[in-house]
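Once you have looked at the hints, place chain W on chain B.
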Amino acid sequence: MDGITPDQARAALDAAGQARRQMAREVGLPRGYWWGMACGWLVLGVLGDLGPGWLVAAATLAFGAGHATLASRLLGGRHRTGGVQLSADVAGRRTPLVVIGMLVALVGVTVVAAIALDADGAGHPGSWSALLVAAVIGFGGPELLRVLRRWVRA
Amino acid sequence: MSTARFDELIHPSTRLTLVATLAAADWAEFAFLKDRLGLSDSALSKQLATLEEAGYVSTERRLEGSRRKVRARLTAAGRAAFDGHIAALRDIVAGATAPGEPGV
Chain B
1 MDGITPDQAR
11 AALDAAGQAR
21 RQMAREVGLP
31 RGYWWGMACG
41 WLVLGVLGDL
51 GPGWLVAAAT
61 LAFGAGHATL
71 ASRLLGGRHR
81 TGGVQLSADV
91 AGRRTPLVVI
101 GMLVALVGVT
111 VVAAIALDAD
121 GAGHPGSWSA
131 LLVAAVIGFG
141 GPELLRVLRR
151 WVRA
Chain W
1 MSTARFDELI
11 HPSTRLTLVA
21 TLAAADWAEF
31 AFLKDRLGLS
41 DSALSKQLAT
51 LEEAGYVSTE
61 RRLEGSRRKV
71 RARLTAAGRA
81 AFDGHIAALR
91 DIVAGATAPG
101 EPGV
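As you go down the protein sequences, you meet chains B and W in turn. Going by full-length UniProt numbering, the first sequence opens with residue 1, and the numbers climb by one from there. Going by full-length UniProt numbering, the second sequence opens with residue 1, and the numbers climb by one from there.
Hints are computed from structural coordinates only; laboratory data are not their basis. We treat Cβ as the ideally placed atom computed from N, Cα and C, and that holds for glycine. You may find that some hints are simply not true.
No more than 25 angstroms apart at the CA atoms, straight line, and that leaves these computed lysine to aspartate or glutamate pairs for DMTMM-like [stated by the list, open to error]: (1) 34/W - 89/B; (2) 46/W - 64/W; (3) 46/W - 26/W; (4) 69/W - 91/W; (5) 34/W - 8/W; (6) 46/W - 14/B; (7) 34/W - 14/B; (8) 46/W - 8/W; (9) 46/W - 35/W.
Quick list of the computed label-pair ranges, beta carbon to beta carbon [to be verified]: (10) 140/B - 65/W: 57 to 63 angstroms; (11) 15/B - 60/W: 23 to 29 angstroms; (12) 108/B - 87/W: 43 to 49 angstroms; (13) 102/B - 65/W: 34 to 40 angstroms.
Extracted from the complex, chain B is given alone in its bound form (with noise of 0.2 angstroms):
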């Protein structure tokens, strides 16, 4: 066919689909939600341990409430740069799924923390696990993000 050699077109092939692959890269949350989220978690840690039980329930609320408005506008990870928009197709459905899951072990490395530090004799334990966990996620969100996302190929 139009004197293409199958070593060209599988070249060809490799090329279009390593164009594709690095635009699969381009999904991800912006840098500043990560922050923003980890000083969501401090804000819970350190009300848990000084906080009245009416505040922690109403700031828990009011921190989930804030990240699902959020987290529907970007989870999508279409808009990590304002210079492209990526097809729904190669943006994925599982990538939402996969920042819930994320979040779901980082309440429970939280917790395990806590409960660490507290059985240690440590002060404050709820907030200091939220800090390990803060740190986690504002200097790493997007890393670990990546990496799961490769590994349920998402």
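Okay, now just chain W, sitting in the frame of chain B:
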């Protein structure tokens, strides 16, 4: 399923990468494409103009603040041509890997 149709216009490597990039996006800005493909302004303009002339790409100029930005997207015809071209390339490769079968 798209009909396999080798497309001479899309096949050159730079243009294929450009079309594959656009096929993965709803739209992409000129600066993004230029950076992604490592092309100069004039080279990218030329490629986009060729594709636009063929009806495969549409571009729109938008004023953002004081800056004028160019946004490109693949048209339905461009997407069909790209899908057909990829299908044709797959047929060529499949024809080579299955020697007992007739080639395309």
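Against the structure shown, which of the earlier numbered hints fail to hold, in ascending order? Of the numbered hints, 4, 10 do not hold.
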